[in-house]
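Make the full structure from the sequences, and use the hints.
Protein sequence lines correspond, in order, to chains A and B.
Using the working numbering, the final residue of the first sequence is 445, and nothing's skipped along the way.
Using the working numbering, the final residue of the second sequence is 1585, and nothing's skipped along the way.
There may be inaccurate statements among the hints.
Here are the simulated lysine to aspartate or glutamate pairs, EDC-like style, with alpha carbons at most 16 Å apart [unchecked claim]: (1) A:Lys37 <-> A:Asp77; (2) A:Lys202 <-> B:Glu1554; (3) A:Lys258 <-> B:Asp1477; (4) B:Lys1153 <-> B:Asp1180; (5) B:Lys1171 <-> B:Asp1477; (6) A:Lys245 <-> A:Glu268; (7) A:Lys292 <-> A:Glu265; (8) A:Lys258 <-> B:Asp1363; (9) A:Lys86 <-> A:Glu115; (10) A:Lys202 <-> B:Glu1555; (11) B:Lys1337 <-> B:Asp1363; (12) A:Lys178 <-> A:Asp376.
Estimated spans, in silico, between C-beta atoms of each pair [what the hints assert, rightly or not]: (13) B:Asp1168 <-> A:Asn430: 31 to 41 Å; (14) B:Asp1168 <-> A:Gly356: 28 to 38 Å; (15) A:Gly356 <-> B:Asp1535: 19 to 29 Å.
Think of the hints as simulated: they come from the structure by calculation, not from any bench.
Think of the CB as a built atom: it goes at the ideal place given N, C-alpha and C, for glycine as much as any other residue.
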Amino acid sequence: MKTLRINIIACLLALVPMFIMAQEDDQVLKARGGKFALTNAKIYTVTNGVIENGTLLINNGVIEAVGTNVRIPADAEVIDVNGKEIYPGMIDSGTTLGLAEISSIAEANDFREFGALTPQMQALTAVNPNSVAIPVTRVSGVTTVWTMPRGGILPGTAASINLFGYTPDQMDAGSKGIVMNFPSTAGGRRFRRLSAEERKKRQEKALKTVNDAWDKAELYASIENSDDVRSYPEIEALVPVVKGELTLFIEANAAKDILSAIEWVEKRGYKKVVLTGVSEGWRVADEIAKSGLSVITGPVQAVPTRQSDAYDAAYANPGVMAEAGIKVAIRTMEAENVRNLPYHAGFAAAYGMGREEALKAITINAAEILGVGDQLGSIEVGKKANFFVATGDPFETSTKITDLFIDGYKVPMTSRQIRLYDEFLNRNPSTDKTKPAVSIKKK
Amino acid sequence: MKTRYILMTLLFAFCAVSYGQVKKGDVLIKNGTVITITDGTKENTDILIRDGKIQRIGKNLRTPRGVTEVDATGKFVMPGIIDAHSHIAGSAINEGTSQVTSEVSMEDVVNPLDVSIYRALAGGVTSIHLMHGSANVIGGQNETMKLRYGSTNPDDLRFEGAPRTIKFALGENPTRGGRARGIQPQSRMGVENMIRSSFTEALAYEKKWKAYNADKSARKVAPEYDLRMQTLVDILNGDIIVHCHSYRADEIYMLMKVFNDFNIPNIVFQHANEAYKVAPELAAFGASASVFADWWAYKLEVYYSTAYNATILQENGVMTSINSDSGELIRHLFHEAAKTQKYGNLSDDEALAMITLNPAKQLGIDKRVGSIEVGKDGDIAIFDNHPLSVYAIPQYTYIDGVKYFDINDDKPDQRIYINPESSIEEVQLFEKMDFSHRCMDGVARHYGANLFRHKH
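What follows is the structure, encoded as structure tokens:
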């Protein structure tokens, strides 16, 4: 009995250093979940107008109430955001965030797999929840991104992720899609030395590969229940698209390629398709509108695709397409600088799209196109509590984000870049004024 | 002796004439909100430009006969934007055959036909610093230019009288080159050594010439002339401003110590993503920095960056500019400057000085451009909104009082040269590794594939 007691005491004693060690660095800030009421806010719901002096009540990760007449429960933490504005979290519908850490180092990039036909590759698997770029991004108000495999023809399956969580599953925002780079006749830097004929040949060859793959997928879908089907993962991954259960995201940028892609989709008859990139969408906006396909476009801060194009072709592109009646979402196609999403939208707004439509392009339109419109993209009761508080218009460069909620968690407004600022703004020690290490003998 | 003077005079006159051929304009910009940078912001103010120079700034100026009037009511008038780091309008960027190529100069590869020049004008940019690339430790000399688009003569785009500048490069770019070719430098130790030994060699070279010049004997023999060495001598004598590609704090600190030892008074650190870590040292030295607003993580040496870099430098008294190094970004430097109000709280004037007066100082052209002051060049950018607003759209851009961009007269196709061999026009698609970034452009393939996949 005595030994047992000693053992218990020993065990407790052994725990003591653990409690002491629990937080060695008193600077670490953690996210908090719970019940929050944000009061006196100007709330941009996106789908139901602007609420002046409103209250936003969230509980258990979900928006519970929003309006001017919200009863605040006694156990809710009240945050008075008087004079500030609340927006749904911004959504970037095209990034490699979480997959690319340092772009020049192959070992730090996981968005490209070997082979041209690898649609079964899962972006969500390779998302690094601890990427330094994630906090850097979210403190600017971007709460959700579409993170996608790149390269080849069918590089993989993209996923929507929320920018908070410790595992990919905690970050999973609930949708996936197959990425396809539509064989292109245009030249990027890699193809600049090829002649038009060589390029055409490449395109035709790639198109044949594409069609072979989808023919097989259609066959596979039709015999799926037979006992004699061998596993064919890259084709299997395409079957949900054939059956209309999963969205196919087709990257096409040159006007000609956009039209070919539309024709291809119509011929195949796939039900869920989105066009991405669409740099030259303004040239064929009416044709896209007629197809009824939605568009993810960007980057907006980009040089025009042709030397002869107007300097502002890329700035104006989203506005032209929206005007034609196309549902448009905006992407940055960035990894480390997804934080510039509001500026891509801001430039689109300035060059013809207008502020309201540009805001939709990075909130509700993006959510709907990515298949999470029932969960994200607006401030509505029942939707996920993904939003931010800003000192003003989030497109304006000088606006600051003051509070951030993802999945109902109040996420601390910190990142490595902010901590470096805090450490180095007034460095201590500064220089030794009496014995400067470097002081030039001026001539 | 007399003939020499006559020849000199003739030569001088010829130079004056050839400079004089650059177009100079007369214009009265009426009733704008004038952001002078050096003397506050003045509402409802006019600027009179005569023969390419700002002659008067004031209210209700009378329009002299023959001077065009431009109504700037409700508009914002600022000095033309200056990009201290650009590779547009260069038909070549790197001479990477040696780790020291101070003999080459970008002045020989100015391409006045590049449509990027027009696109930069459409972003309010009037002057650029066309830089050599960063493939070698001591690169070529740069060219300071005015974006006088429309001429096919490269000479018309030179910034007449601008001081000479040269490119140095530290860190990953030159050491990768060294590794790929099995030569020095392959480390930051080697980079330092290469600079020190180059300067030491240059001093010996200068000594030989000094001895020769001091020698009164009739039978003296001149040492061999070496442009590479002579350029280094000019750096040592403070006649060329060094603009050094750099990222990490340790390498920035290293170069200040080297320059201190060789008594070179001035350095501009280009990129300088980690300059914030040694801001007090930079301030003590009197070195300045030309940085990105927010680019980072494209390679290891910029992984520990912060977008607050410009703010930390400014608050520590380091003169700082914001550059583009990109044919894309150059079109919205006003927006890049505005980011200092997101990542920090710089004033409007501090933010805008980073793309006007400060780069002008770093290029040694601040007596001519960089602010709206009487006597300075008529280089002006006019916006419909405050240039620090994301909604600002450039309306007109003037250089020497001549209008080079007018949004109301903006034909889509601004090419002044069309390749007669191409029947179908090239469609250049966006890639993450954008073709508008050219820092390692033209470097031989054997440098390794990674060089081509990163920016700067």
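How the hints compare with the structure:
1. Proposed proximity of Lys37 (chain A) and Asp77 (chain A) is supported: the alpha carbons are some 7 Å apart, at most 16 Å.
2. With a C-alpha separation of about 14 Å, the suggested pair Lys202 (chain A) and Glu1554 (chain B) falls inside the 16 Å cut-off, and the hint holds.
3. Of the supplied pair hints, the one linking Lys258 (chain A) and Asp1477 (chain B) is violated, its CA atoms being roughly 45 Å apart against a limit of 16 Å.
4. For the given pair, Lys1153 (chain B) sits about 5 Å from Asp1180 (chain B) by alpha-carbon distance, which is consistent with the 16 Å threshold.
5. Restraint check for Lys1171 (chain B) and Asp1477 (chain B): satisfied, since their Cα atoms lie roughly 13 Å apart, inside the 16 Å limit.
6. With a CA separation close to 15 Å, the supplied pair Lys245 (chain A) and Glu268 (chain A) stays within the 16 Å bound.
7. Taking the CA atoms of Lys292 (chain A) and Glu265 (chain A), the gap is about 12 Å. The hint holds against a cut of 16 Å.
8. For the proposed pair Lys258 (chain A) and Asp1363 (chain B), the alpha carbon gap of about 55 Å is over 16 Å, so the pair is violated.
9. Distance check on the hinted pair: Lys86 (chain A) and Glu115 (chain A) sit about 44 Å apart at the alpha-carbon level, beyond 16 Å; violated.
10. Annotation: proposed proximity of Lys202 (chain A) to Glu1555 (chain B) holds, straight-line Cα distance about 13 Å (limit 16 Å).
11. For the given pair, Lys1337 (chain B) sits about 15 Å from Asp1363 (chain B) by alpha-carbon distance, which is consistent with the 16 Å threshold.
12. Distance restraint check for Lys178 (chain A) and Asp376 (chain A): the Cα-Cα separation of roughly 15 Å lies within the 16 Å cut-off, and the hinted pair is therefore satisfied.
13. Look at Asp1168 (chain B) against Asn430 (chain A): about 36 Å separates their beta carbons, and that is inside 31 to 41 Å.
14. Between Asp1168 (chain B) and Gly356 (chain A) the CB atoms are about 36 Å apart, so this pair conforms to the stated range of 28 to 38 Å.
15. At roughly 24 Å, the beta-carbon separation of Gly356 (chain A) and Asp1535 (chain B) lies within the given 19 to 29 Å, and the hint holds.
In this structure, the hints that do not hold are numbers 3, 8, 9, in rising order.
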